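*Asks:* One letter stands for each residue in the lines below.
Number of protein chains: 2
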Amino acid sequence: MGIRKNLTKIKTALISLSDKSNLKIILNTLRKHKVNIISSGGTYKKIKQLGYKCSELSKYTNFDEILDGRVKTLHPKIHAGILNLRGNLKHKQQMKKNGYENIDLVIVNFYPFEKALLGKRNHNEIIENIDIGGPSMVRSAAKNYRDVTVISSLNQYEELNEEINKYKGSTSLKFREKLAEEAFMETAFYETKIFKYFLTRRANFFPKKNVFSGKLLDKFRYGENPHQLGAIYNQNDYKDIIQLGGKKLSYNNYNDLYSALTLTKSFPKNIGVAIIKHANPCGVSINSNNTKSFNEALSCDPVSAYGGILSCNFKMSQNLAKQVNKIFFEVVIANGFDKDSIKILKKRKNLRIIDSSKLDEKFNFNFISKFNNILIQTPDNIKLKKRDFHVVSIKKPDKKTMKKLIFAFNVCRNIKSNAIVITKDFKTVGIGSGQPSRLDSCRIAIGKMKKFQKINSKDQLIAASDAFFPFVDGIETLVQAGVDAVIQPRGSINDKEIIKFANKTKTILIFSKTRHFNH
Amino acid sequence: MGIRKNLTKIKTALISLSDKSNLKIILNTLRKHKVNIISSGGTYKKIKQLGYKCSELSKYTNFDEILDGRVKTLHPKIHAGILNLRGNLKHKQQMKKNGYENIDLVIVNFYPFEKALLGKRNHNEIIENIDIGGPSMVRSAAKNYRDVTVISSLNQYEELNEEINKYKGSTSLKFREKLAEEAFMETAFYETKIFKYFLTRRANFFPKKNVFSGKLLDKFRYGENPHQLGAIYNQNDYKDIIQLGGKKLSYNNYNDLYSALTLTKSFPKNIGVAIIKHANPCGVSINSNNTKSFNEALSCDPVSAYGGILSCNFKMSQNLAKQVNKIFFEVVIANGFDKDSIKILKKRKNLRIIDSSKLDEKFNFNFISKFNNILIQTPDNIKLKKRDFHVVSIKKPDKKTMKKLIFAFNVCRNIKSNAIVITKDFKTVGIGSGQPSRLDSCRIAIGKMKKFQKINSKDQLIAASDAFFPFVDGIETLVQAGVDAVIQPRGSINDKEIIKFANKTKTILIFSKTRHFNH
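If you read the protein sequences in the order shown, they are chains A and B.
For the record, in the first sequence the residue sitting at position 203 is 203 according to my numbering, with numbers rising by one throughout.
For the record, in the second sequence the residue sitting at position 31 is 31 according to my numbering, with numbers rising by one throughout.
Do not rely on the hints blindly, as some may be mistaken.
One copy or two, it doesn't matter: identical chains are merged, so the pair holds either way.
In silico SDA-like links for lysine to any residue, alpha-carbon gap of 20 angstroms or less [what the hints assert, rightly or not]: (1) Lys-59 to Lys-97; (2) Lys-362 to Asn-494; (3) Lys-215 to Asn-364; (4) Lys-370 to Phe-206; (5) Lys-458 to Asp-484; (6) Lys-370 to Asp-240; (7) Lys-450 to Thr-477; (8) Lys-193 to Leu-216; (9) Lys-174 to Phe-205; (10) Lys-239 to Phe-206; (11) Lys-219 to Pro-379.
By construction, these hints were calculated from the structure, which means they are not laboratory data.
Quick caveat, the model's predicted, so the values are computed rather than measured.
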């Protein structure tokens, strides 16, 4: 069995830990199997304190730790002890000649660089938390996994115990290779955090080589479809949404959920509702009355809303929860929940209840993989103000109309291109999304409006477009359907014709400086 | 000036290189400024051979390299020389006591791990290419960048020369910090490659911590919109598409281009055309006659095709190029180009000409960032065969009809959900994409068909849906518009009703086992 599983006996272990928790459970096992332990500094003291035998590293290497611990384990006796190929005769002779011995097990965790970052320490303290000796030892051990067992995380203590007990003081090759993979996982992750820290300091956006890292939040039952595998990682060290009830979130739930939050987080503070289906909104409203806001968002397309994601940019109340429960949603998001509202929502067993009040809205990049490539860009998160728009028509909007126009434009930014939105007051009444032709998006938005709204001629209808109209036909179609004011990016060679048409039809026309494609 | 810029004098440099090219340009500068050089092994020999002075590292440390070079620089004298804080009195005393000297400049590049991977070496050789000493030195030097200059790449030689010449043998803090950032860029990138190699060996899909890395292919003038910054990275070491002419590709071009290639690469070998606009197809055909294929794809929606991306899954001919030139496309992709075809296409100065024949179609994951999270999944790349479908209607499709149905379904998979496609033979005649309601996608597809096609009652029309119909109304609307055969995933509670409706209307109905959402 020993040969088949490539068992190697652990005679000597080197332990060097920044986080010394749970050490006892591993020390017991090592003592049971008569493993010699070498250690230094705080780890040495801790081991002695817990009542276990341990040799001091400085005596082992005959070299005193210097530079406040910056140099202690970076010593040939340590690294040769780890790195030598046990089956290599030349290596064996060189080890003997130098008086070096094998180190069979390395247990290391690193200075808490990430914690130093999150703790907002000053730059010098953060730099001091870059571990040099630790990663060197872990990398040596992982490279030589055929002979050496490497523990690079607290989470591995239990399985190490099991393995050593199972094989009476030895470990199997399979286990060692798994640990090597996890060791390089730790070093790779550690390096990305350090690199990103330097990048951010220098505001370097697109370095020659780039790395992205995340911690596993959840594995899904499947990806976008049941024959795909899927998972979600967080780039920081915490969950940014909190699930308070309901079934496990799926890949598609997360995708829709973040589309919803992109939209609702662009609203004024603590008001507004969006309903999302297939990553596109099918109803949006920002009425200061939350219940009204919900009903208005729902009324835009109540058919599509079925089974969708409801996102409330305010704290959920008991009253609204009762209204919400009448409709079938897959997910309900709110910026916090009244206690009683949760009780009510939980009556729908499967309904996923999501608290978004801890959402970290700050992020610097959006990225997406395409075959073996990664497209990366800064997010389209500029807050648009009145000064970012020009009134180009003869007919001018009053203050309130201007606000309505900007609302329509902000909703439109968050719909898949080509996007057209028709709004009345501060609610959507027609949404046209994801079309190759802008004119088609106009027609879809108008069609929705006609299907679900009772519009009378006194209603002020507003239309927004995420990019310029290439021809007059788009705005013409909208105005014919009753639209009174249009907001759109400038930039078409037909801009003049479009302004002319607006003036002819007494339509208010606003040009934005910015375009907002969103694919 | 010296104090303001925090200039530090370089007296001693340590050089340890795997790739020894271009070394001479740096050696000249170091000699000019009387810098002592320490080196070992192949680098030492190379420096001597080039005619420069150099001390041998083993003499410097008084320690002979062992274990076939696995241990040479992992020595306290080296690392203390790099890591000591020059302004720290205690450090100074410890250095003196140990007889250690400062190392002010570290020039290192790593064993070519990536090259070993691409060279398909065996596992032992790949493992031997994991550099231990190199990254340790680079990390030490980068950590101590306030005192030490670190060169971790061949590309930095020129700027090092400039800096040293400018400051007469010194470097500025600003420069050293930039180099530290780039050093951690190199180590982070190196570690991700090693980690991913281990992951792949063990087929571990979703490790607890994950990393993604890429090399910068291009910075764009802007991202999806002009107020956003954007760039593209490649996860491998090569460009997978080749641009043969035209304007620089934009962020949106790349986004559309890879949507096009996802679709065309799902076609049978060397036939088929797709036209893409806003990441969605607006026309698809797989006629074995390439010119016919082009014309058919174009005729599906010639209005939307304007300014789109043309993707040909075959080698572009002179004849077809003449046809293509009559239409305004932003990008033309082909699986290779006849020489004469390029000449013709280049007549349109701005037209981006893309050769996709070197596209690396193999990739294991799709990932996308959402706020501070990353959603990751295996791609939806299963090849569907006849056995993956069930005929559930009384009316059965013949062999050719079955092929047409599968074609329609494969196109539908690559359209943004909810997606409905109507096809005639092996071309699309109506595409409905990106709607929150499936019924709306049906109507959009039908609307397109009615607008651009002359359909007569003898034509066999086929419809495909990327997910099941929740109600009968979707299929009903399609059949009323003349559709004779429908292919769709099973799974609705109304499946039985839908089969009943198909039989009542003598419609062929096929169920797939797989669903194909694509958001």
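*Asks:* Next, verify each hint and record whether it holds.
*Replies:* Hint check:
Both within a single protomer and between protomers do Lys-59 and Lys-97 lie at most 20 angstroms apart by alpha-carbon distance, with minima of 19 angstroms and 18 angstroms respectively. Proximity of Lys-362 and Asn-494 under a CA criterion of 20 angstroms is satisfied in neither setting, with 38 angstroms inside one chain copy and 44 angstroms between copies. In this assembly of identical chains, Lys-215 and Asn-364 lie within 20 angstroms of each other by CA distance both inside one copy and across copies; the values are 18 angstroms within and 19 angstroms between. Taking identical chains as interchangeable, the C-alpha atoms of Lys-370 and Phe-206 lie at most 20 angstroms apart whether they share a chain (18 angstroms) or sit on different chains (19 angstroms).
Taking the shortest alpha-carbon separations for Lys-458 and Asp-484, only the intra-copy value of 10 angstroms comes in at or below 20 angstroms, while the best inter-copy value is 45 angstroms. Proximity of Lys-370 to Asp-240 under the C-alpha cut-off of 20 angstroms is restricted to the inter-copy arrangement: shortest distance 11 angstroms between copies versus 26 angstroms within a copy. Within a single copy, Lys-450 and Thr-477 get their C-alpha atoms as close as 13 angstroms, and across copies as close as 19 angstroms, so both meet the 20 angstroms cut-off. In this assembly of identical chains, Lys-193 and Leu-216 lie within 20 angstroms of each other by CA distance both inside one copy and across copies; the values are 16 angstroms within and 19 angstroms between.
In this assembly of identical chains, the alpha carbons of Lys-174 and Phe-205 lie at most 20 angstroms apart only when taken from different copies (17 angstroms versus 40 angstroms within one copy). For the identical chains of this complex, Lys-239 and Phe-206 are inter-copy neighbours only, at 17 angstroms across copies versus 26 angstroms inside a copy, given an alpha-carbon limit of 20 angstroms. In the homo-oligomer, the alpha carbons of Lys-219 and Pro-379 lie at most 20 angstroms apart only across protomers (16 angstroms), although the nearest pairing inside one protomer, at 26 angstroms, exceeds that limit.
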